[in-house]
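So the sequence lines, in the order shown, correspond to chains S, F, U and V.
Each residue of the first sequence is one higher than the last, beginning at 80 in our numbering.
Each residue of the second sequence is one higher than the last, beginning at 80 in our numbering.
Each residue of the third sequence is one higher than the last, beginning at 161 in our numbering.
Each residue of the fourth sequence is one higher than the last, beginning at 161 in our numbering.
Treat the hints as calculated values from the structure; they're not laboratory data.
Accuracy of the hints is not assured; some may be wrong.
Stated by the list, open to error - Simulated crosslink set (EDC-like; lysine to aspartate or glutamate; CA at most 20 angstroms straight-line):
#1 Lys110(S) / Asp241(U)
#2 Lys226(V) / Glu128(S)
#3 Lys226(V) / Glu354(V)
#4 Lys226(U) / Glu348(S)
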Amino acid sequence: MRLHVSLPGLQLKNPIMPASGCFGFGEEFAKLYDLSMLGGIMIKAATGESRFGNATPRVAETAEGMLNAIGLQNPGAKAIVSDKLPFLSTFDTEIIANVAGSTPEEYVYVAETMSADPTVKALELNISCPNVKCGGMQFGTDPVMAAELTRLVKAASSKPVYVKLSPNVTSITNMAKAVEAAGADGITMINTLVGMRIDVTTGTPILANRIGGLSGPAIKPVAIRMVYEVAQVVDIPIIGMGGVRTVDDVLEFIYAGASAVAVGTANFENPYVCQEIIEALPHRLDELGIDHILDVRGKAYEQIVSRT
Amino acid sequence: MRLHVSLPGLQLKNPIMPASGCFGFGEEFAKLYDLSMLGGIMIKAATGESRFGNATPRVAETAEGMLNAIGLQNPGAKAIVSDKLPFLSTFDTEIIANVAGSTPEEYVYVAETMSADPTVKALELNISCPNVKCGGMQFGTDPVMAAELTRLVKAASSKPVYVKLSPNVTSITNMAKAVEAAGADGITMINTLVGMRIDVTTGTPILANRIGGLSGPAIKPVAIRMVYEVAQVVDIPIIGMGGVRTVDDVLEFIYAGASAVAVGTANFENPYVCQEIIEALPHRLDELGIDHILDVRGKAYEQIVSRT
Amino acid sequence: MRQFVTVLSNHPIAKGAMEMKVSVENSVIAPGTFFHVKTSELLRRPLSVANVEGDVVTFLYKIIGKGTQDLAERRPGDVLDVLGPLGNGFPLEQTGKRVVLVGGGIGVPPLYYTRRRLADRGIETVAILGFDTKESVFYEEAFCALGETIITTVDGSYGEAGFVTGPLARIEADVLFSCGPEPMLKAVAASHIEERYVSIENRMGCGIGACFACVCEAPGGYVKVCSDGPVFRAEEVTL
Amino acid sequence: MRQFVTVLSNHPIAKGAMEMKVSVENSVIAPGTFFHVKTSELLRRPLSVANVEGDVVTFLYKIIGKGTQDLAERRPGDVLDVLGPLGNGFPLEQTGKRVVLVGGGIGVPPLYYTRRRLADRGIETVAILGFDTKESVFYEEAFCALGETIITTVDGSYGEAGFVTGPLARIEADVLFSCGPEPMLKAVAASHIEERYVSIENRMGCGIGACFACVCEAPGGYVKVCSDGPVFRAEEVTL
Ligand SMILES: Cc1cc2nc3c(=O)[nH]c(=O)nc-3n(C[C@H](O)[C@H](O)[C@H](O)COP(=O)(O)OP(=O)(O)OC[C@H]3O[C@@H](n4cnc5c(N)ncnc54)[C@H](O)[C@@H]3O)c2cc1C
Ligand SMILES: Cc1cc2nc3c(=O)[nH]c(=O)nc-3n(C[C@H](O)[C@H](O)[C@H](O)COP(=O)(O)OP(=O)(O)OC[C@H]3O[C@@H](n4cnc5c(N)ncnc54)[C@H](O)[C@@H]3O)c2cc1C
Ligand SMILES: Cc1cc2nc3c(=O)[nH]c(=O)nc-3n(C[C@H](O)[C@H](O)[C@H](O)COP(=O)(O)O)c2cc1C
Ligand SMILES: Cc1cc2nc3c(=O)[nH]c(=O)nc-3n(C[C@H](O)[C@H](O)[C@H](O)COP(=O)(O)O)c2cc1C
Ligand code: FES
Ligand code: FES
Numbered sequence: 080m081r082l083h084v085s086l087p088g089l090q091l092k093n094p095i096m097p098a099s100g101c102f103g104f105g106e107e108f109a110k111l112y113d114l115s116m117l118g119g120i121m122i123k124a125a126t127g128e129s130r131f132g133n134a135t136p137r138v139a140e141t142a143e144g145m146l147n148a149i150g151l152q153n154p155g156a157k158a159i160v161s162d163k164l165p166f167l168s169t170f171d172t173e174i175i176a177n178v179a180g181s182t183p184e185e186y187v188y189v190a191e192t193m194s195a196d197p198t199v200k201a202l203e204l205n206i207s208c209p210n211v212k213c214g215g216m217q218f219g220t221d222p223v224m225a226a227e228l229t230r231l232v233k234a235a236s237s238k239p240v241y242v243k244l245s246p247n248v249t250s251i252t253n254m255a256k257a258v259e260a261a262g263a264d265g266i267t268m269i270n271t272l273v274g275m276r277i278d279v280t281t282g283t284p285i286l287a288n289r290i291g292g293l294s295g296p297a298i299k300p301v302a303i304r305m306v307y308e309v310a311q312v313v314d315i316p317i318i319g320m321g322g323v324r325t326v327d328d329v330l331e332f333i334y335a336g337a338s339a340v341a342v343g344t345a346n347f348e349n350p351y352v353c354q355e356i357i358e359a360l361p362h363r364l365d366e367l368g369i370d371h372i373l374d375v376r377g378k379a380y381e382q383i384v385s386r387t
Numbered sequence: 080m081r082l083h084v085s086l087p088g089l090q091l092k093n094p095i096m097p098a099s100g101c102f103g104f105g106e107e108f109a110k111l112y113d114l115s116m117l118g119g120i121m122i123k124a125a126t127g128e129s130r131f132g133n134a135t136p137r138v139a140e141t142a143e144g145m146l147n148a149i150g151l152q153n154p155g156a157k158a159i160v161s162d163k164l165p166f167l168s169t170f171d172t173e174i175i176a177n178v179a180g181s182t183p184e185e186y187v188y189v190a191e192t193m194s195a196d197p198t199v200k201a202l203e204l205n206i207s208c209p210n211v212k213c214g215g216m217q218f219g220t221d222p223v224m225a226a227e228l229t230r231l232v233k234a235a236s237s238k239p240v241y242v243k244l245s246p247n248v249t250s251i252t253n254m255a256k257a258v259e260a261a262g263a264d265g266i267t268m269i270n271t272l273v274g275m276r277i278d279v280t281t282g283t284p285i286l287a288n289r290i291g292g293l294s295g296p297a298i299k300p301v302a303i304r305m306v307y308e309v310a311q312v313v314d315i316p317i318i319g320m321g322g323v324r325t326v327d328d329v330l331e332f333i334y335a336g337a338s339a340v341a342v343g344t345a346n347f348e349n350p351y352v353c354q355e356i357i358e359a360l361p362h363r364l365d366e367l368g369i370d371h372i373l374d375v376r377g378k379a380y381e382q383i384v385s386r387t
Numbered sequence: 161m162r163q164f165v166t167v168l169s170n171h172p173i174a175k176g177a178m179e180m181k182v183s184v185e186n187s188v189i190a191p192g193t194f195f196h197v198k199t200s201e202l203l204r205r206p207l208s209v210a211n212v213e214g215d216v217v218t219f220l221y222k223i224i225g226k227g228t229q230d231l232a233e234r235r236p237g238d239v240l241d242v243l244g245p246l247g248n249g250f251p252l253e254q255t256g257k258r259v260v261l262v263g264g265g266i267g268v269p270p271l272y273y274t275r276r277r278l279a280d281r282g283i284e285t286v287a288i289l290g291f292d293t294k295e296s297v298f299y300e301e302a303f304c305a306l307g308e309t310i311i312t313t314v315d316g317s318y319g320e321a322g323f324v325t326g327p328l329a330r331i332e333a334d335v336l337f338s339c340g341p342e343p344m345l346k347a348v349a350a351s352h353i354e355e356r357y358v359s360i361e362n363r364m365g366c367g368i369g370a371c372f373a374c375v376c377e378a379p380g381g382y383v384k385v386c387s388d389g390p391v392f393r394a395e396e397v398t399l
Numbered sequence: 161m162r163q164f165v166t167v168l169s170n171h172p173i174a175k176g177a178m179e180m181k182v183s184v185e186n187s188v189i190a191p192g193t194f195f196h197v198k199t200s201e202l203l204r205r206p207l208s209v210a211n212v213e214g215d216v217v218t219f220l221y222k223i224i225g226k227g228t229q230d231l232a233e234r235r236p237g238d239v240l241d242v243l244g245p246l247g248n249g250f251p252l253e254q255t256g257k258r259v260v261l262v263g264g265g266i267g268v269p270p271l272y273y274t275r276r277r278l279a280d281r282g283i284e285t286v287a288i289l290g291f292d293t294k295e296s297v298f299y300e301e302a303f304c305a306l307g308e309t310i311i312t313t314v315d316g317s318y319g320e321a322g323f324v325t326g327p328l329a330r331i332e333a334d335v336l337f338s339c340g341p342e343p344m345l346k347a348v349a350a351s352h353i354e355e356r357y358v359s360i361e362n363r364m365g366c367g368i369g370a371c372f373a374c375v376c377e378a379p380g381g382y383v384k385v386c387s388d389g390p391v392f393r394a395e396e397v398t399l
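Model the full structure from these sequences, guided by the hints.
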């Protein structure tokens with residue numbers, strides 16, 4: 080029970096879940112370990128219709144990070160419900176559906192479709208994907224548009240809605256306050272930073288899409304800072320992510336103010352990483368003298384406040 | 080001559096210079112190699128009066144990056160002119176003075192003081208330092224304030240003014256266009272991303288200042304993307320920086336649209352890095368079949384345009 | 161799936177090319193499959209199985225960037241974190257047919273193990289191996305020991321001058337197995353051989369089918385190179 | 161200034177502590193100075209000179225995080241990129257005086273070389289070395305060979321129980337040289353010994369005085385630990 084976390088719509092047996100887009104719909108990882116050990120699973124983004132995504136190359140490596148421009152490849156909301164959720168429903172873990180689109184109407188349709196399935200316990204509103212021409216990130220960089228979309232999706236969804244914030248903004252706290260005021264049940268953060276690499280032997284960008292989303296350990300300091308800032312100005316829970324690869328990274332996010340943590344890129348480096356972190360957590364809590372993991376939530380700013 | 084770059088106020092014998100804050104006022108590095116080999120030197124930020132800066136710890140390491148919160152420690156503009164510039168004037172290299180402050184008046188005073196010295200060939204207007212309570216970054220995240228400050232400093236300076244942009248903004252192109260319209264002679268970019276690390280054994284931020292500026296290879300993809308975007312919308316030259324450590328990193332920035340490149344954090348890893356890059360450049364240009372280094376400036380977007 | 165394997169040997173075999181032998185747990189490995197190898201870098205590096213002898217797997221690799229450079233610095237006794245074997249392999253059920261193996265540069269490795277396994281089944285093969293230049297040729301003797309082997313070099317410094325497509329035009333065979341750079345695959349996929357298989361090298365993320373990084377267009381959709389491939393019938397993919 | 165030095169040996173000497181010997185170019189090295197060592201990590205790691213014999217420098221280090229973990233994996237023959245020697249050292253001109261050396265944990269290493277050099281000059285010394293527990297004690301014999309040596313452990317499992325300040329209170333000496341964690345330095349800086357020197361361990365960036373990362377408050381300003389120190393008179397710094 081010292082790892083159990085209760086969030087709107089979600090009873091997480093532990094606060095660890097794979098991040099959207101880094102775990103597909105669980106099928107491949109289910110061959111490696113029992114998905115029932117996970118606190119939850121954030122499945123790959125769903126759009127209204129199936130999408131092929133961007134041209135390849137779609138990934139490029141950077142120093143302790145990677146760029147991706149997958150472009151929301153997915154079979155479409157209906158097909159996910161019919162072909163992917165039945166398999167996921169066989170595991171004792173909480174499924175969070177990532178909702179994407181190009182227009183508000185598409186978002187609403189996907190939110191309705193996904194939230195209607197009993198396997199889905201909450202939605203993650205993806206207003207922050209940098210890899211698609213229309214939709215995605217512009218909703219996530221303007222507080223007014225983000226709030227409007229949150230309101231629409233919230234009205235269309237029968238399940239709690241977590242809004243996924245983009246770090247590519249001047250004020251992350253303004254974005255967070257806007258979606259909280261619009262009714263978001265929680266926040267997930269951060270999505271990827273927009274980045275680029277150029278191949279100097281050809282002079283052209285490595286990604287076919289030219290720009291892509293930067294993820295992995297390289298961005299963790301930015302993610303921690305943003306969670307730390309947002310946790311102090313909103314009252315809804317935060318699922319933190321960005322560069323998590325070890326049990327201490329998880330604790331860093333909790334100290335910064337997150338209530339749960341998602342693991343993305345690290346699944347590529349080590350497909351057993353979520354399992355390993357979950358197994359290591361109780362031991363590490365013992366070492367640090369922490370009883371329940373959420374006992375230290377937000378302690379990084381609370382301690383500072385009392386320190387000064 | 081294949082490395083010579085001519086920019087407003089600056090005749091660079093090569094496009095490589097240490098970045099501000101990572102090379103002090105050159106005294107320490109002068110013991111390691113002849114500073115006259117450098118294209119230029121961006122000296123540590125100057126403020127109106129001497130500043131002690133932030134409490135320690137001031138640096139923390141991250142995955143392929145570092146956080147710093149030095150806090151603009153410097154002896155003050157007057158003392159820099161009298162105590163630091165005479166030494167720098169003995170080298171055959173172009174000195175760029177980094178100008179900081181808390182108020183517009185302080186910026187103007189520093190710009191006047193620094194630009195009046197003949198050793199200083201250009202100013203770098205630092206509106207993007209994340210590590211000081213007032214001044215610094217708020218000027219660098221609001222296009223209107225940035226433009227206003229640029230105008231004031233431009234009027235006060237007898238030398239060309241390069242404005243240093245913060246990457247912590249939603250639209251880097253809006254910032255760039257604003258300072259260009261306000262009279263900036265060039266742009267230097269990027270300053271550090273705002274980040275944080277928490278020590279999980281104590282639960283408190285590692286930096287005494289809590290947040291700090293993230294630099295080093297980890298941020299290069301963000302820097303390249305921003306230079307690439309800005310180069311396509313402004314007509315003034317860009318000095319690119321962020322994570323440069325190798326000769327190929329330099330070329331990546333030039334391909335993205337920069338006309339010269341600054342090296343920051345890498346000087347800590349290898350204090351000879353600028354010298355080594357300068358020595359390696361002609362050889363690498365040969366390998367890649369490039370005559371003059373600026374022949375490939377901006378080719379990453381020009382080729383794309385012609386490719387589609 | 162994940163194994164910590166011990167490096168037995170690791171040494172240069174041609175200009176910029178290395179041979180590494182590691183001892184694995186499970187040596188039931190189909191030719192054409194690959195391992196996803198952890199190096200000093202964040203993402204794993206896919207390397208084809210170039211040979212299997214007992215519980216010893218051989219990788220042949222070219223030093224390209226940081227990941228393969230790091231591999232080149234491993235010494236006997238070092239432990240390597242690998243995932244695999246991954247993907248499908250070349251179809252070995254070719255009894256009575258003649259198979260031409262066409263490899264270019266770092267596409268050569270999987271063809272060696274494939275040829276050995278075809279030879280075990282008594283299937284007749286001919287190999288065409290393309291390299292840049294004389295110094296980059298590797299494993300020629302090993303290939304020759306298994307049948308007719310034609311070497312081409314782009315600069316003509318060894319074997320036939322030009323590309324693998326030169327000799328391929330005059331070969332009579334029923335089936336083609338190919339691995340190499342995309343332009344080569346394109347060319348051989350359009351060749352006169354009736355049944356053509358290509359092994360594709362795309363940049364990968366997960367290597368197990370979960371991230372959609374490695375996709376390749378296919379008539380009416382796409383395929384994932386890591387889990388649907390890396391070996392495909394030429395008609396199955398749009399190169 | 162920068163040297164590529166060869167690792168001669170590298171092995172554990174106590175719980176979590178290692179001794180590494182490297183051969184350097186220039187062995188004119190003052191005790192109390194340090195090298196800034198490149199590891200797998202971005203920033204260099206400062207390590208004190210623990211001994212110099214001929215052209216062989218000894219480092220004694222505790223495995224703390226990734227940088228020192230990486231160092232612990234180096235083997236004889238490996239080459240290490242180091243900058244140094246950097247900083248000033250302890251003042252050895254103490255003829256006729258009695259010097260007490262007070263070290264805590266990873267502050268012990270520079271005091272060994274310092275004691276050797278003082279012994280060469282015939283200066284009488286007494287050493288107080290503080291450790292956490294019995295298993296973390298290192299170099300006791302080496303220190304004993306040079307004079308009176310008092311060991312303390314926090315948990316009392318070896319030597320005197322408690323902190324170095326216990327035995328220090330009863331020592332008579334003219335000069336104190338000290339290196340260790342900040343609370344210890346604070347305590348010894350306030351001790352009864354007349355002339356007190358402390359060697360400070362701050363997080364560093366450049367290590368050569370250019371970045372202002374390592375500063376320490378001082379009456380009327382600040383000092384840079386890397387280039388003005390790491391050794392200071394206790395009055396020179398505000399601990
Ligand atoms: C299924 C498969 C089998 C392979 N088998 C072999 C083999 O047996 N021998 C061999 O030498 N090489 C093989 N390769 C290519 C090998 O994976 C790359 O050369 C290697 O990843 C380069 O890594 P690097 O760090 O040295 O280069 P870098 O260029 O620094 O790598 C940067 C990134 O690009 C990726 N990348 C670069 N080149 C390739 C490439 N050609 N294919 C896929 N990804 C690439 C890397 O994996 C990494 O993510 C194979 C590739 C695939 C997909
Ligand atoms: C002048 C000087 C001399 C030193 N001499 C020795 C010695 O002889 N033996 C020894 O074991 N240790 C010594 N230290 C401490 C040693 O530098 C640190 O233990 C080491 O840097 C830790 O690196 P890490 O990657 O293992 O730990 P991490 O905690 O992962 O390091 C993260 C960052 O914090 C810095 N850091 C962590 N602990 C310290 C510390 N105590 N002091 C300074 N920076 C730190 C690291 O350099 C790095 O930048 C000395 C420090 C200084 C300043
Ligand atoms: C290959 C890849 C695909 C991704 N796809 C999605 C997606 O479909 N929807 C989404 O909201 N985030 C997506 N992300 C972002 C991640 O969920 C996560 O927010 C980000 O990668 C930061 O976490 P990390 O550093 O642990 O990877 C993707 C990331 C990667 C690397
Ligand atoms: C220790 C440190 C101090 C810095 N001080 C300044 C400064 O005084 N003024 C400034 O404009 N930028 C300062 N910077 C930012 C650098 O000039 C540079 O923009 C940034 O570090 C990105 O480049 P890099 O990744 O090569 O370090 C500082 C950076 C570091 C690491
Ligand atoms: S590499 Fe992830 S799906 Fe193939
Ligand atoms: S570490 Fe840079 S000034 Fe001391």
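Against the structure, the hints:
{"no.": "1", "hint": "Lys110(S) / Asp241(U)", "in the structure": "18 angstroms, holds"}
{"no.": "2", "hint": "Lys226(V) / Glu128(S)", "in the structure": "46 angstroms, violated"}
{"no.": "3", "hint": "Lys226(V) / Glu354(V)", "in the structure": "40 angstroms, violated"}
{"no.": "4", "hint": "Lys226(U) / Glu348(S)", "in the structure": "16 angstroms, holds"}
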